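Asks: Take a look at the letters that make up each chain.
2 protein chains.
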Amino acid sequence: MASEISIASASRETNRFLWDLMNKIIIHEVGPRDGLQAEKTTVPLTEKMRWIEGVCTSGIDIIQLGSFVNPEKVPQMADTDALFQHFNKNKPAGVTLSGLVLNEKGLERGLACGVDMFCMGVSASETHSRKNTGMTSTEALGRIIPMARQAMTAGKNVQVSVQSAFGCGYEGPVNREKVLSIVKAYLEAGIHNISLADTAGHAQPLQVEDLFGSIRALDPSVILACHFHNTYGLGLANCYEALKSGVTFFESAFGGLGGCPFTKLPAGNVSTEDLVHSFQRMGLRKDIKLDVLLKVARQVEKYFDRDLPGFILKSGSIVDFVGESGLGEGS
Amino acid sequence: MASEISIASASRETNRFLWDLMNKIIIHEVGPRDGLQAEKTTVPLTEKMRWIEGVCTSGIDIIQLGSFVNPEKVPQMADTDALFQHFNKNKPAGVTLSGLVLNEKGLERGLACGVDMFCMGVSASETHSRKNTGMTSTEALGRIIPMARQAMTAGKNVQVSVQSAFGCGYEGPVNREKVLSIVKAYLEAGIHNISLADTAGHAQPLQVEDLFGSIRALDPSVILACHFHNTYGLGLANCYEALKSGVTFFESAFGGLGGCPFTKLPAGNVSTEDLVHSFQRMGLRKDIKLDVLLKVARQVEKYFDRDLPGFILKSGSIVDFVGESGLGEGS
Numbered sequence: 001m002a003s004e005i006s007i008a009s010a011s012r013e014t015n016r017f018l019w020d021l022m023n024k025i026i027i028h029e030v031g032p033r034d035g036l037q038a039e040k041t042t043v044p045l046t047e048k049m050r051w052i053e054g055v056c057t058s059g060i061d062i063i064q065l066g067s068f069v070n071p072e073k074v075p076q077m078a079d080t081d082a083l084f085q086h087f088n089k090n091k092p093a094g095v096t097l098s099g100l101v102l103n104e105k106g107l108e109r110g111l112a113c114g115v116d117m118f119c120m121g122v123s124a125s126e127t128h129s130r131k132n133t134g135m136t137s138t139e140a141l142g143r144i145i146p147m148a149r150q151a152m153t154a155g156k157n158v159q160v161s162v163q164s165a166f167g168c169g170y171e172g173p174v175n176r177e178k179v180l181s182i183v184k185a186y187l188e189a190g191i192h193n194i195s196l197a198d199t200a201g202h203a204q205p206l207q208v209e210d211l212f213g214s215i216r217a218l219d220p221s222v223i224l225a226c227h228f229h230n231t232y233g234l235g236l237a238n239c240y241e242a243l244k245s246g247v248t249f250f251e252s253a254f255g256g257l258g259g260c261p262f263t264k265l266p267a268g269n270v271s272t273e274d275l276v277h278s279f280q281r282m283g284l285r286k287d288i289k290l291d292v293l294l295k296v297a298r299q300v301e302k303y304f305d306r307d308l309p310g311f312i313l314k315s316g317s318i319v320d321f322v323g324e325s326g327l328g329e330g331s
Numbered sequence: 001m002a003s004e005i006s007i008a009s010a011s012r013e014t015n016r017f018l019w020d021l022m023n024k025i026i027i028h029e030v031g032p033r034d035g036l037q038a039e040k041t042t043v044p045l046t047e048k049m050r051w052i053e054g055v056c057t058s059g060i061d062i063i064q065l066g067s068f069v070n071p072e073k074v075p076q077m078a079d080t081d082a083l084f085q086h087f088n089k090n091k092p093a094g095v096t097l098s099g100l101v102l103n104e105k106g107l108e109r110g111l112a113c114g115v116d117m118f119c120m121g122v123s124a125s126e127t128h129s130r131k132n133t134g135m136t137s138t139e140a141l142g143r144i145i146p147m148a149r150q151a152m153t154a155g156k157n158v159q160v161s162v163q164s165a166f167g168c169g170y171e172g173p174v175n176r177e178k179v180l181s182i183v184k185a186y187l188e189a190g191i192h193n194i195s196l197a198d199t200a201g202h203a204q205p206l207q208v209e210d211l212f213g214s215i216r217a218l219d220p221s222v223i224l225a226c227h228f229h230n231t232y233g234l235g236l237a238n239c240y241e242a243l244k245s246g247v248t249f250f251e252s253a254f255g256g257l258g259g260c261p262f263t264k265l266p267a268g269n270v271s272t273e274d275l276v277h278s279f280q281r282m283g284l285r286k287d288i289k290l291d292v293l294l295k296v297a298r299q300v301e302k303y304f305d306r307d308l309p310g311f312i313l314k315s316g317s318i319v320d321f322v323g324e325s326g327l328g329e330g331s
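So the sequences go chain by chain: G and W. According to my numbering, numbering within the first sequence proceeds without interruption in unit steps and concludes at 331. According to my numbering, numbering within the second sequence proceeds without interruption in unit steps and concludes at 331.
Simulated from the structure, these hints should not be mistaken for laboratory data. Everything numeric in this text was worked out from a predicted model, so none of it was measured. Hints are all accurate, no fakes.
DEER-style ranges, computed between Cβ atoms:
#1 Ser181(W) to Phe321(G): 21 to 27 Å
#2 Phe321(G) to Pro44(W): 37 to 43 Å
#3 Asp320(W) to Ala217(G): 27 to 33 Å
#4 Asp320(W) to Asp307(G): 29 to 35 Å
We put the CB at the ideal spot given by N, CA and C, even for glycine.
Given the sequences, and given the hints that come with them, work out the whole structure.
Replies: Set out below in structure tokens:
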């Protein structure tokens, strides 16, 4: 899935190992799932298909089609199985289809309809965990780990996450030791693709450096993913620090749509166009078609008939105008 | 002007020297100048005074009251002298009043009305330089350096800048060697307080690291300032990298208002509330009264009768709720 693009302007102080990692960054579009789940209007299947088809042709690596939850409780996600059935027959080579599962029933559904990559997680906030799953963090962990192992045994890619890893809209601070203890349990269970999700949008870059650095210290071979919301304007700053901290999987949503409905102050995910634009300005992932992503985001914006938070949607891209580094001939 | 606040969560990989620098960060509110200069409605003197009075009581270190330009060409800045006369008699101890000057006449006016700190600069983009000043970069540099020295001789603080240091809305990329050659001319003239201004909002964090790192390599004793616009959503990411690159002076505008009228796509400055909020989340400058800054930004928003771009204006602060690091007891 990784692309190998040369970096125009290697930072003088960043070590080579991290730069090599930066060359392997993966974009994971979660708009069809996290982008939509807080929206009250249920988007028709055909409209979702149109957006996902667009993302499929953009060069994005992974697309999260939906979550396997109770369709009566979350009508927005009722067509997740249908989306997988459709796109398993209609996706370009190289695109990975991911799905979020919360319980064993969801896993069964996902295995039945051809999910490539399973995402599942545990919240580090007890209040968020109970509101989201009805379980304590420990109970949830005890169920998620066997589920993850079952999916791995079935030959699937699996990414496990710690939700509310940087703070909780209800509880406030989240103990970093609790986040790391969940990560340790994942690592001990042999699961090495680990995401930290900033469900409440509370993360600040020094936390990002601290937590991802601590996880890499636990296991240097870990594959790290991040998921930030832009509630307080720090989404791209957190992605930038994640990049420098060795994170290679970045989750974002078209137009900056989104927010967890079980968060106190839901706010948009980092916008995929803004994320790709900032990476391309750094010389990374220039293979992704930003114009295609912008077209999709405009379709989504038109559907919801309101301005979405993404910056590039308003300002337009400068990648072609300024180039990949903007450092001029001297760089 | 510097505050000495302990840092809650020292990054494990950042060296001590930079952490010491981070403890000395200075906020420079440029809302009354750069925030307003693109606004078509001329704000009455009494309204400006109300906003500036608010900023004065917030704990912000430096406030830029205006620029000394031709009042017929820029009516918004016609009352700059009057503002200095008023606030020289009505400012709390510790607040520095800065003014932007473009030419010798402006410097004379500034010296006559009691400017504490003079800001002046040269654009690294020839097109921007000509549109803004009618001069080439070299001509502008030849006039700015003697002006800076005159102000220093008069016992004033002086900050010199390179405008369009990260790219130009007209020209696209700006040669980093040209930026550094202007900086070298400043240093050779004995001027050591140097700002890089991202007039077009083109900066990305790796450029920030590269340029400020290169300047510190030229002269480790330099005092560095930054000025970012949030055109492409990277304003706070750039401020964060500037912080880690040893920059101590940060320019921002209330509500995220602003934009240079001589830029192709003017967009807001980094919002002062967002900047202070992100610093306070890192444990820095907790002495600044964020609630007072938010009150000012709301007054400005009400005056212009439109939503301003600042995030904290919408989402509210989480500093008191989450604390300064959000890292929990384990940090």
